[in-house]
Amino acid sequence: MMRALALAALMALSTPAPSGATGTVEVTPQDLLRARLTEMVAPCWAVEGLSPSARATVVTLAVEMTPEGQPRAETIRLLRARGDRYPADVAQAFAAARRAVLRCAGAGYDLPADLHPHWREVEMTFDANAHVM
Amino acid sequence: MLTRRSLIRSTAALTLASSLPLVPARAQTGPLRLEITEGVIEPLPFAVPRFIARNGGAADAAADITRVIAADLRGTGLFRQIPESAHISSVTAFDAPVQYNDWQAINAQALIVGEVEESGGRLIVRFRLFDVFSQQPLGEGLQFVGPREGWRRMAHNVADQVYERITGEGGYFDTRVVFIHEEGPKNARLKRLAIMDYDGANVQFLTDSRSLVLAPRFSPTGDRIIYTSYESGQPRVYLMDVATVTRRPLEAISAGDMSFSPRFTPDGGSVVFSMAQGGNTDIFRVSVGGGARTQLTSAPSIETAPSFSPDGSQMVFESDRTGGQQIYVMPAGGGEPQRISRGTGRYGTPVWSPRGDYIAFTKQEAGRFHIGVMRTNGSEERLLTASFLDEGPTWAPNGRVLMFTRETAGADGAPAVYSVDISGRNLQRVATPGMASDPSWSPRLT
Amino acid sequence: MTLRFRASALILTAALALSACAQGGLRGDDTVNLNAQGGLGAASDPTSVAYFNQVVGDRVLFAVDQSTLDAQAQATLDGQAQWLLSNAEYRVQIEGHADEQGTREYNIALGARRAAAVRDYLVSRGVPANRLTTISYGKERPIEICSEESCYRQNRRAVTVLSFGTGV
Numbered sequence: 036m037m038r039a040l041a042l043a044a045l046m047a048l049s050t051p052a053p054s055g056a057t058g059t060v061e062v063t064p065q066d067l068l069r070a071r072l073t074e075m076v077a078p079c080w081a082v083e084g085l086s087p088s089a090r091a092t093v094v095t096l097a098v099e100m101t102p103e104g105q106p107r108a109e110t111i112r113l114l115r116a117r118g119d120r121y122p123a124d125v126a127q128a129f130a131a132a133r134r135a136v137l138r139c140a141g142a143g144y145d146l147p148a149d150l151h152p153h154w155r156e157v158e159m160t161f162d163a164n165a166h167v168m
Numbered sequence: 054m055l056t057r058r059s060l061i062r063s064t065a066a067l068t069l070a071s072s073l074p075l076v077p078a079r080a081q082t083g084p085l086r087l088e089i090t091e092g093v094i095e096p097l098p099f100a101v102p103r104f105i106a107r108n109g110g111a112a113d114a115a116a117d118i119t120r121v122i123a124a125d126l127r128g129t130g131l132f133r134q135i136p137e138s139a140h141i142s143s144v145t146a147f148d149a150p151v152q153y154n155d156w157q158a159i160n161a162q163a164l165i166v167g168e169v170e171e172s173g174g175r176l177i178v179r180f181r182l183f184d185v186f187s188q189q190p191l192g193e194g195l196q197f198v199g200p201r202e203g204w205r206r207m208a209h210n211v212a213d214q215v216y217e218r219i220t221g222e223g224g225y226f227d228t229r230v231v232f233i234h235e236e237g238p239k240n241a242r243l244k245r246l247a248i249m250d251y252d253g254a255n256v257q258f259l260t261d262s263r264s265l266v267l268a269p270r271f272s273p274t275g276d277r278i279i280y281t282s283y284e285s286g287q288p289r290v291y292l293m294d295v296a297t298v299t300r301r302p303l304e305a306i307s308a309g310d311m312s313f314s315p316r317f318t319p320d321g322g323s324v325v326f327s328m329a330q331g332g333n334t335d336i337f338r339v340s341v342g343g344g345a346r347t348q349l350t351s352a353p354s355i356e357t358a359p360s361f362s363p364d365g366s367q368m369v370f371e372s373d374r375t376g377g378q379q380i381y382v383m384p385a386g387g388g389e390p391q392r393i394s395r396g397t398g399r400y401g402t403p404v405w406s407p408r409g410d411y412i413a414f415t416k417q418e419a420g421r422f423h424i425g426v427m428r429t430n431g432s433e434e435r436l437l438t439a440s441f442l443d444e445g446p447t448w449a450p451n452g453r454v455l456m457f458t459r460e461t462a463g464a465d466g467a468p469a470v471y472s473v474d475i476s477g478r479n480l481q482r483v484a485t486p487g488m489a490s491d492p493s494w495s496p497r498l499t
Numbered sequence: 008m009t010l011r012f013r014a015s016a017l018i019l020t021a022a023l024a025l026s027a028c029a030q031g032g033l034r035g036d037d038t039v040n041l042n043a044q045g046g047l048g049a050a051s052d053p054t055s056v057a058y059f060n061q062v063v064g065d066r067v068l069f070a071v072d073q074s075t076l077d078a079q080a081q082a083t084l085d086g087q088a089q090w091l092l093s094n095a096e097y098r099v100q101i102e103g104h105a106d107e108q109g110t111r112e113y114n115i116a117l118g119a120r121r122a123a124a125v126r127d128y129l130v131s132r133g134v135p136a137n138r139l140t141t142i143s144y145g146k147e148r149p150i151e152i153c154s155e156e157s158c159y160r161q162n163r164r165a166v167t168v169l170s171f172g173t174g175v
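Residue numbers (my numbering), protein chains in the order written: chain A, 36 to 168; chain B, 54 to 499; chain C, 8 to 175.
The reader is advised that the hints may include incorrect statements.
As the list claims (entries may be wrong) - Pair ranges (Cβ atoms, derived):
no. : chain 1 : residue 1 : chain 2 : residue 2 : range
1   : C       : Gly86     : B       : Gln330    : 38 to 46 Å
2   : A       : Asp149    : B       : Ile141    : 30 to 38 Å
3   : C       : Cys153    : B       : Ala254    : 30 to 38 Å
4   : A       : Arg107    : B       : Glu95     : 22 to 30 Å
5   : A       : Arg155    : B       : Pro190    : 26 to 34 Å
Simulated from the structure, these hints should not be mistaken for laboratory data. The C-beta atom is built at its ideal place from N, Cα and C for all residues, glycine as well.
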C-alpha cells in the first residue's frame, strides 16, 4: 500500500493530468500532502475493530494541525456520515477515525513546515467499503 | 502492516515536491481534503509484562492475572501479544517511567503495566495502559480490589478496560455463560444446567442429570436464569436464582400444555415463551412476579423463539405460517407481524442484538446450518458460519461476538460451544468440561 | 388416582426398566412406562403390552417437517384405537419426536404437533380423550443415531406409550 501510494505521487509528477489541455503538469502540493498524510494515518485506522455496519459507514472528520504536525485533539469533529441509519455505527466509525488520527501522530506528522498553511486544516474521509477483508 | 519506520522511506517524494516550482500554492488555505480507504486489518500488537508482585503473597496471582489478561485480549482476534521473550525493557516498578523507545522498537502499540498486592486475603490490582507511539497514557490508571479467589474477575476487569480504551466499545470478559452440559451416548443423552465464565473457567453445575433441561437464558441483570425442564414430566419453563441455585416453575400451566423457549424482556420483569396447547404453539408473556398471561400471537402455525428489541418496543420470533420457518418482527404490544427473512431456506432462533442493530439467527439450507446476522428490517443478511449443525446464537453484551452450538454429524456426533465475531472471523471453540450446548451470554457483571 | 397393577412380576420388571431409563423415562406422575424394556408379556398374547408394541405397532412415522398421518400411519392408529378400546385399563402418553435436522425450539413445537395429530386421530376413532396425554421431546430422544435419512425417518415419529392407571 505504502509503495503504491508513493509511486502514485511520483507518477503524478511526471504524468499530464487527463484534463490538462494546456499540457501543464497540474500537480499541486496538496496532492502530495494528501498522499503523504494518507499514508501516515492509514496504519492506525483499525478497520478490523469495526462492526460490519460501522465499517459500511463513511465518516468525514475535520482536524486542525499544529505547525509541528500534531493534530489538536480538541478540534476533531465529525463533519458528516453516510450510511448513518444507526447512530451507534456513526459513533463507532467516528471514534475509530479519530483514534487513527491521534494514534499515528506520534511526535507529530512528518509534513513540510513551510507548507503548513496547506495542511493546517484537514478534512479526512474514512471509507472502508472497498477494503479487502 | 505498515510500520512508522517504513514510512520514512516515502518522504523522498515529498521532499522532491516541496523543492519543485510547481503550480504555486494558491493563496487559499482551505482545508486539505483527503480520503482514506485502506486501514489495517492485522491484530493490534500489545505487550503485557508480567505484573509486579508487591509482596510474596501476590506472586502467583500476579502471574495468573497477567496470563488471563493476555488471553482475553488475544482471544478477541483484535490483538496480538508480543511475547515476553521479545521485550527489551523490563518493568521493575509500577510507577517507573515507560521506556517508550524500547516498546516502539518491538512495535508494541499498546503497553499494559500492572502490579498486584496481597493484603489480608484480599488482592489489590493496579494497571496502567500506554499508547506507545503517542508516548502517553491511554486513560487513567485504575485499581481493583477483591477477594483472593476473585482474581480471575479482576483480570477480566483489567482486560475489559484495555479493550474499551482501544476499541471504544464495551468489553465482554467479565461475563458468564449459562449452558447445557451433556453426557452419554446420543440416544441416551443426559443434560445438566451449568454456568461458567465466558472463557470456560469456573464451571458450576446448577442441576443434576435426572431431568432433561434445555435452552437456558440469563436475565438482563445476570442474577436469574430461565430455562425449560422436564422435571414435572412435561416441558415447562423454570426460573432459577443463580446465587442460591433455587428454582421454581415460572407459572402454573394446565396439564397437557408444554411451555418452552423462554426469554426475559429487556426490563427483566417479564418472560416471553412458547406454549404448545393441543398441538398448536403460540407466544405468550407473563410477569415474573405472577399474574395473568398475555397471548402475543394467535395463529394455527408454530410461533416460537421470541426475543425483544433492547428498548422493548418490538419482538422478533420465528413462525412457519407460510410453510417453512421464517423470521418475523411485530410490535411488542401486539399487531401484525412483518416477515423480515427473505432468502431461500429456513430461518429460526432470532435474537436481537443488545446494541439493537442486528438480529442473529440460525439458517438451514440444503442440509447445512449457518449462524448469520441481518439488519432488523431483514436487509444485509450475512452468514458467519457453516457446518452440519450450527444453531442457537447468543450475543456478547457488546453486540460484537456470538456464541452458538455446533454439533458434529453421525452416531458419535457431539455438541460444543463456539464463538465467532459478527464479521465472521475468529471462529473458536469455547473450552467446556465436556459436551456442551445452548449457551446464553450474561450481561457485563461490573 | 389409583394404580392397578396386573401382576407382581410385571411391577418388578417395570421398576427395573425404570432404573435403566435415561432422562424422561421417569415421569413425575404415578404412571409407569411399560414400553421401555422387555418383560411385557408375550407378543402372542393379544392383551399384552408386547403385542401392542410389536404386532399392533406403537409408532407412526412422519415426513420432514410434517405432522400429517399417511395411510400407513392411519392403519396403525386404527389398530391402536381398537386395542385401546378393548384394553380399557391402560392410559396412554403419546410422545412426539423430530429428527436432528432442525432447531431445538422448533422441534419441540413440531413434536407437539405430531403427538396432537395422533391423539386427535385416536379420539376420532373412539378412544376417550381423558385416557390420552401428549408430550414432545423434539430432537432430544433419537432412537436411531446416524446422520442419514435412514435414521432420520425413524426418528420423525410419534410413539404411543402405555401405562397402567385409569382415569385422570
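Comparing the hints with the structure gives:
1. Evaluation of the 38 to 46 Å hint for Gly86(C) and Gln330(B) yields a failure: the beta carbon distance comes to about 28 Å.
2. A beta carbon spacing of about 37 Å between Asp149(A) and Ile141(B) agrees with the range 30 to 38 Å that was offered as a hint.
3. Cys153(C) and Ala254(B) have their C-beta atoms about 35 Å apart, which keeps the hinted 30 to 38 Å range intact.
4. With their beta carbons about 29 Å apart, Arg107(A) and Glu95(B) fall inside the hinted range of 22 to 30 Å.
5. Taking 26 to 34 Å as the suggested C-beta distance range, the pair Arg155(A) and Pro190(B) conforms, at roughly 28 Å.
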